[in-house]
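A.B. asks: Sequence:
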Amino acid sequence: MDANNLYDVVDYPSGCHVQTHPSRLAAAAMLRGFEAAPTAGARIVELGCGDGWNLIPIAEAFPDCQCFGIDLARKPIERGRAAIAELGLRNIRLQCGDVTELVGQLGTVDYIIAHGLYSWVPERVRESILSLCGRMLSDRGLAFISFNALPGSHAQRIVREMLQRHVGKVTDVVERRRQAQALLGFLHAGTAGAPGLRGVMRVDYERLLKGDPAQLLHDEMADVNDAFYFSDFMGRASVHGLEFVTNAEVVDSGMSGFSAEVQEVLNGFGEDELRREQYIDYVRLRSFRQVLLCRKGSFQRGNEDGTNADRLHVAGTLNPMETGVDLRPEVEVEFHGTTGKSVKTSAPAAKAALALLTRSGLHPIPVTGLSRVAVEMLRDAGIPVEPGVIRDFLVHSARLGLVTFWFQPPVTVQQPGLRPRASRLARYQAVRGGLTTTAYHQRVDVSDPVLRQMILLMDGDRTIEAIIDELRAVFGGDPEVVGAEFEAQAFRTLGLLAAGGLLAAGE
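To get our numbering, take the position in the sequence shown, counting from 1, and add 50.
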């Protein structure tokens, strides 16, 4: 282990990554026809786990899973172990060590996560990552590997080279960070209104200036930061007995948005999927990839018609609607996503499906159940439609980033009980900071002191009325707490916490 590991000196931004959740990975693979391992009872390994806060929420939400994380940095592992002990989790273990030493330690596993690792480690470690995946994956197992991709990463290389030359031999991390941010500010100012490549680079400068300074040190300015063409990466993976299943994010799959001419060329590659993926990267100038791999021979291709979606759950990334939806085909309705995306449609099936998803929040619901209710809504409006139409629209919506699929989502409390109880994880994190993790693997800002105190008081012993009384006692000087509207707001907040997957079983 490296005594001078930068991750022991400067903390890397901690938290979960929703796209790495095994249930999401399984769903993406199943849409391509791969029979993924069940999320419940899975054996999950994360390489380069940091302080474990990507694995810890999974371990809590799925107590029958076995989770293991490894990282070379000692201090993050120690923090993660302390959190695991305080939360009383017995199905997760973190180890400080080198991934190259893992061979033979863990046996067969169902999910391997290597996020933000492959591009930032030496060549020998990259080979070990692929070797571990080839040796440890079960027949239904999936490996998630992300890496900087070419050709898009050429622009990031330009920034990296300028930063490294500017900072030079400065070794003090605080001074390195200060000088790097100063150069980015200078470059950003110098590209105001600039055309062409300089104008494009301005977007990258803005991203880095707004981002976490610690992430700038660990990512852009790391000693190792390499990028790869997809075809070259897959050539390496193939040597270790791995094959491509799909992109980890459904929104990254398919050819949505391409012209008919481009789609014709891409379709001309026939069954040569790897070549098609590489040329999609060329067109999109993709700079980052998140791929799912399996053991060679375990993927029996052919069931890619979308019918597997009927075995999945679906959740929307849509804001709730204040009014009902007019299902008539001549009426166009706009749906707004929580990520800033929106869609306008007059198609009755689309409107019915999206309207139902706006009511469910982050909670994934069975595709078959949603299709059945949507069909009933449409038939009541005199618009007959088959369930398969709803299913196919949901798959299309996932490629647009409007919905997400889950295989076996976590079981959560949807209706607050008489004495609501926040999850152990929510209460633990509310004490310590401004973010907490939902059962659906998303980070929620709980920096508001009233909301944070409300979560802490939701211990399963107090009624919501008692919680409101205690909040008023603590924040009596705040007019928003003592005001007449506060009680109604507290009940609405409780409903949002339930919809977000932050409640545990209570009375």
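No lab work stands behind these hints, which were simulated from the structure alone.
Only a predicted model underlies this, so the values are computations on that prediction, with no experimental measurement involved.
Note that beta-carbon positions come from the ideal geometry of N, C-alpha and C, so glycine has one too.
Keep in mind that the hints are not guaranteed to be accurate.
Unchecked claim - The following label-pair restraints were derived from C-beta to C-beta distances: (1) Gln231 - Thr388: 24 to 32 Å; (2) Met305 - Ala534: 29 to 37 Å; (3) Phe319 - Gly356: 16 to 24 Å; (4) Phe525 - Tyr279: 28 to 36 Å.
Unchecked claim - Below 27 Å or equal to it, Euclidean Cα-Cα: the simulated DSSO-like pairs (lysine-lysine) are: (5) Lys219 - Lys346; (6) Lys346 - Lys260; (7) Lys260 - Lys219.
A.B. asks: Next, verify each hint and record whether it holds.
C.D. replies: Here is how each hint holds up against the structure:
no.	hint	verdict
1	Gln231 - Thr388: 24 to 32 Å	holds, 30 Å
2	Met305 - Ala534: 29 to 37 Å	violated, 54 Å
3	Phe319 - Gly356: 16 to 24 Å	holds, 21 Å
4	Phe525 - Tyr279: 28 to 36 Å	violated, 56 Å
5	Lys219 - Lys346	violated, 45 Å
6	Lys346 - Lys260	violated, 42 Å
7	Lys260 - Lys219	holds, 25 Å
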